[in-house]
Amino acid sequence: MKKLKGMLGYIWAFLTVIIVLATFMGNDYFSEQLASATGITISPWFSGGEIVKTLDHGTYKTYIHRPVFDALIGEKRKGFIQLNWEPYAGLPPVVQETIDYNGDNRADFLITLNTKTGDASLTAHSPTVLFIERSYGLKKGWAVRVHLQKRS
Amino acid sequence: MKKNTTEASATTRRSLFKTFLLCLPMMLLTFMMLTGGSMPTGGERLFALAATFLFFNLLFFLMVRTGKTDRFRSILFITLAVCFVFSFISNLIAVRGSMALSRATMIEGGAPFCHLVIPMTLIPAVLTKTIIFPGKILGSYSIAGMFVIWIGVSLALGRGLCSWFCFFGGLEDGFSRILKKPIIKNISKKWTYLPYAVLLVVVLMSALTLSPTYCQWLCPFKTVTEFVEITSVKVLIQTIIFVSLFIGLVVVLPILTKRRTQCGLFCPLGALQSVTNKTNVFEIRIDQDKCVQCNKCIRVCPTFSIDEESLGRGRVKASCTKCGKCVDACPQKALFYHVKGTSLSSKLDRYRLLFLYPAFLVLAIIAGRFVQDAMVKAINLITTGTMI
Amino acid sequence: MEAFILGLSNGTTCVAYCAPVLVPYLLGEGKGILQNSVLTAQFLLGRLLGYLLFAVLAWGINRSILQGVSKPDLVIGPAYVVFSLLLIYYGFFKTRTSCKTTCTHGLRHKLMTILPVSIPMIAGFVTGLSLCPPFLLAFTGAVEKTTVIQSMFFFFAFFLGTSIFFIPLPFSGLFRGFSALRIIGRMAAGLIGVYYLYSGIMMLIGGYTI
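Chains as they are written, first to last, in the working numbering: chain E, -17 to 134; chain X, 755 to 1142; chain L, 969 to 1178.
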């Protein structure tokens, strides 16, 4: 038993070198496997959530993300919705979008964005729409987040 | 005192030939990992590769020949930290123009992921299948990549990650070696439990808020990497906190105590890594027949992992980072690296070598990238006036 | 969730300091795990009832005092600041046991002599009256809630957080090596105090700048 334990100890100790080499040499492979096996994604609180609708305006597109209310379990009372406009080159001086984010066929808010300065303004048509964060100039276009709350 | 404090026998030196033979595998492995399979082009890159290779293997050679671990480990560990900071900051400035991280960059997943975030992401990852960090799942400085490294290094070294991988630890290690003697000698034992409290709170708060609490509020290393641009009172308070923690825990206290105070008294990842030490094959043991209870090991341990109780049990605490400082410091050679399951009685240096191979390999691989990059940038800066 | 975390961060302290007084009495000797579990459950139910009573009290304070105030943050904010400083002191610097030094200790002692403490539920109810700093912060948090249900839910979450550490009690030998857990729990509570200190200060700043 003692000899077996000793042997296992030595084997394990030698294996650590293999583990280290495999970790670094196979990092790309293992990370891809880990990502696909777990199906893990970036939290929508950072990424903005999945794009659920695309509005094609010819020279530019508006990407509407899903409303984000995600909590650890269930949903939070307050969240946001992210809108993107791309590409920079195809954007008119001012873009305006009327958004129905909850699919009830009623406009929830109107957003106006000055694509030269990045100034954005919000006209809320629903009590669930709270306020707008400032606009963000991303690599390909502009993004804004409109803060929402669930109906009480 | 159990015995008289007699001088330990002189460190047995291996012959040059035997040392060279033992270093040969490391030379081959480091060459393979530093080149990544292809030789670099350009004079400065070739020079950086050659210098890095020689530097690393000289340190390993000295480790093997002299039987001293920490003295040479710390040189490379501190070099890693300095080069990492230099390389990271210069890359940020080249790509973004500043160290500040904008909200736009976070929305696009541009924040590099580091290992300190890992504890906070676990519960949300299990329950929501998302990572609460504004980074990328795959790619450079990616989340999946760092997770793979963390798993692999933890399996191989346990909490040895803190002294052989963490590219931040070298900063404190360096500051802790400035003074010859500590000015603050006694730190209450209760503070060694603070990392576990920090771990508990940041894990729970991160799960509650679905955001990386430690990164946002506490991580002192944002001072030397990147930080959120100050656009509100909240972010200003966060900035004041992390800068204060850096000055206090990473610079001032290590100088005054000659210990790694951030690692030993605050870091939540360190607390988590202590758990991995329980299952790791390598450990530090104390030969109670040789120990004369001079307590030198207790005084030198950078992470407060040895106390009188440890000496009584013949084992160091789970917070041990396997840096080797106690092993080098013990005048009786009572402390030694050990492989679990094997005999405790003899051939002590064999266990140290078995540990040194994976440990130094990890350190060389992670340091190689940043040391070479820093060297190339320094050469470019000297010769052309710009780093790129 | 906030209340749960407050309770969780303090839970080890609750068990380590208060339970050793009652657990030997409750559990006695030779009782099986099932019987011990029933006794512990009764004890916890008593604690829950005590907490829910305070939840109603908190809601009452909200209705009677806070509703009439134009800037409630200027009331809650200072309370958070004071209690959080107490919690930070309690978490990092206080070395003696907390149960004896709370202001309700005398009342609890008296109740335990009058009422039949052998009934676990009553013992649990009485120990729930301990006004430790984490409890005070939880109480302040509950005062902010506008409905009695929200206040009770808040305290229920706090109770859950503290009670998780009571779950292993029916199994013997749990108090061995508890000193480390006690220190960690107190320090975690102190760190939560820092969070509440920040919240309190922001409430004060927000209250004054509107």
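Watch out, some of these pointers could steer you wrong.
To be verified - Over the 12 Å line for every Cβ pair with chain L, so calculated as not near, a few chain X residues: (1) 793; (2) 825; (3) 829; (4) 839; (5) 856; (6) 868; (7) 880; (8) 944; (9) 946; (10) 951; (11) 992; (12) 1025; (13) 1039; (14) 1043; (15) 1052.
Claimed, not checked - For lysine to any residue, the following SDA-like pairs were computed, each having C-alpha atoms within a straight-line distance of at most 20 Å: (16) 772(X) with 832(X); (17) 934(X) with 945(X); (18) -13(E) with 777(X); (19) 121(E) with 866(X); (20) 944(X) with 1162(L); (21) -13(E) with 1037(X); (22) 822(X) with 863(X); (23) 943(X) with 1038(L); (24) 1032(X) with 1087(X); (25) 121(E) with 846(X); (26) 121(E) with 943(X).
As the list claims (entries may be wrong) - Some chain L residues flagged as far from chain X (calculated, every beta-carbon gap over 10 Å): (27) 976; (28) 1006; (29) 1021; (30) 1041; (31) 1047; (32) 1057; (33) 1104; (34) 1154; (35) 1155.
Simulated from the structure, these hints should not be mistaken for laboratory data.
The beta carbon of each residue, even a glycine, is placed where N, CA and C say it ideally should be.
Hints, verified against the model:
1. Its beta-carbon lying about 51 Å from the closest one in chain L, residue 793(X) satisfies the requirement of being farther than 12 Å from that chain.
2. Interface exclusion of residue 825(X) from chain L stands, the closest Cβ pair being 33 Å apart, more than 12 Å.
3. For residue 829(X), the condition that its CB be more than 12 Å from all CB atoms of chain L holds, with the nearest at approximately 35 Å.
4. With a cut of 12 Å on Cβ distances, residue 839(X) stays outside the contact zone with chain L, its closest approach being about 28 Å.
5. Distance check for residue 856(X) against chain L: the nearest CB is about 23 Å away, which clears 12 Å, and the non-interface claim stands.
6. Every CB of chain L lies more than 12 Å from the CB of residue 868(X), the least distance being 22 Å, so the non-interface label holds.
7. Residue-level check passed: residue 880(X) sits 16 Å from the nearest beta carbon of chain L, beyond 12 Å.
8. With a cut of 12 Å on Cβ distances, residue 944(X) falls inside the contact zone with chain L, its closest approach being about 5 Å.
9. Under the 12 Å C-beta cut-off, the non-interface status given to residue 946(X) relative to chain L is violated; the minimum distance is some 9 Å.
10. At roughly 3 Å from the closest C-beta of chain L, the C-beta of residue 951(X) falls inside 12 Å, breaking its exclusion from the interface.
11. Look at residue 992(X): its CB is around 10 Å from the nearest CB on chain L, not clear of 12 Å, so calling it non-interface is violated.
12. Remark: the non-interface label on residue 1025(X) conflicts with the geometry, its nearest Cβ contact in chain L lying 9 Å away (cut-off 12 Å).
13. No Cβ of chain L comes within 12 Å of the Cβ of residue 1039(X); the nearest lies about 21 Å off, and the non-interface call holds.
14. Interface exclusion of residue 1043(X) from chain L stands, the closest Cβ pair being 28 Å apart, more than 12 Å.
15. Distance to chain L confirms residue 1052(X) as a non-interface residue, since its nearest Cβ pair spans about 18 Å, more than 12 Å.
16. For the given pair, residue 772(X) sits about 28 Å from residue 832(X) by alpha-carbon distance, which is inconsistent with the 20 Å threshold.
17. In summary, the hint linking residue 934(X) to residue 945(X) is not supported, as the alpha carbons are separated by about 24 Å, beyond the 20 Å threshold.
18. Distance check on the hinted pair: residue -13(E) and residue 777(X) sit about 28 Å apart at the alpha-carbon level, beyond 20 Å; violated.
19. Restraint check: the Cα-Cα separation between residue 121(E) and residue 866(X) comes to about 17 Å, which is no more than 20 Å; the hinted pair holds.
20. With a CA separation close to 19 Å, the supplied pair residue 944(X) and residue 1162(L) stays within the 20 Å bound.
21. The straight-line distance between the Cα atoms of residue -13(E) and residue 1037(X) is roughly 15 Å, inside the 20 Å bound, and the hint therefore holds.
22. Note on residue 822(X) and residue 863(X): the hinted pairing is violated, with a Cα-Cα distance of about 43 Å set against a maximum of 20 Å.
23. As the CA atoms of residue 943(X) and residue 1038(L) are separated by approximately 48 Å, the hinted pair breaks the 20 Å bound.
24. Proximity of residue 1032(X) to residue 1087(X) is assessed by CA-CA distance (about 24 Å); at most 20 Å being required, the pair is judged violated.
25. As the CA atoms of residue 121(E) and residue 846(X) are separated by approximately 16 Å, the hinted pair is consistent with the 20 Å bound.
26. Under the criterion of a C-alpha separation no larger than 20 Å, the hint pairing residue 121(E) with residue 943(X) is inconsistent with the structure, at around 51 Å.
27. Under the 10 Å C-beta cut-off, the non-interface status given to residue 976(L) relative to chain X is violated; the minimum distance is some 6 Å.
28. Interface exclusion of residue 1006(L) from chain X stands, the closest Cβ pair being 30 Å apart, more than 10 Å.
29. The Cβ of residue 1021(L) sits about 26 Å from the closest Cβ of chain X, beyond the 10 Å cut-off, so the non-interface label holds.
30. Non-interface status of residue 1041(L) relative to chain X is upheld: no Cβ of that chain comes within 10 Å, the nearest being about 15 Å off.
31. At roughly 20 Å, the least C-beta separation between residue 1047(L) and chain X is larger than 10 Å, which holds for a residue marked as non-interface.
32. Chain X leaves residue 1057(L) outside its interface by the beta-carbon criterion, the shortest separation being 14 Å against a cut-off of 10 Å.
33. Every CB of chain X lies more than 10 Å from the CB of residue 1104(L), the least distance being 18 Å, so the non-interface label holds.
34. With 10 Å as the threshold on Cβ separation, the claim that residue 1154(L) sits away from chain X is violated: the shortest Cβ distance comes to roughly 8 Å.
35. Non-interface status of residue 1155(L) relative to chain X is broken: a Cβ of that chain comes within 10 Å, the nearest being about 3 Å off.
Checked against the numbered hints listed earlier, the structure breaks hints 8, 9, 10, 11, 12, 16, 17, 18, 22, 23, 24, 26, 27, 34, 35; every other hint is satisfied.
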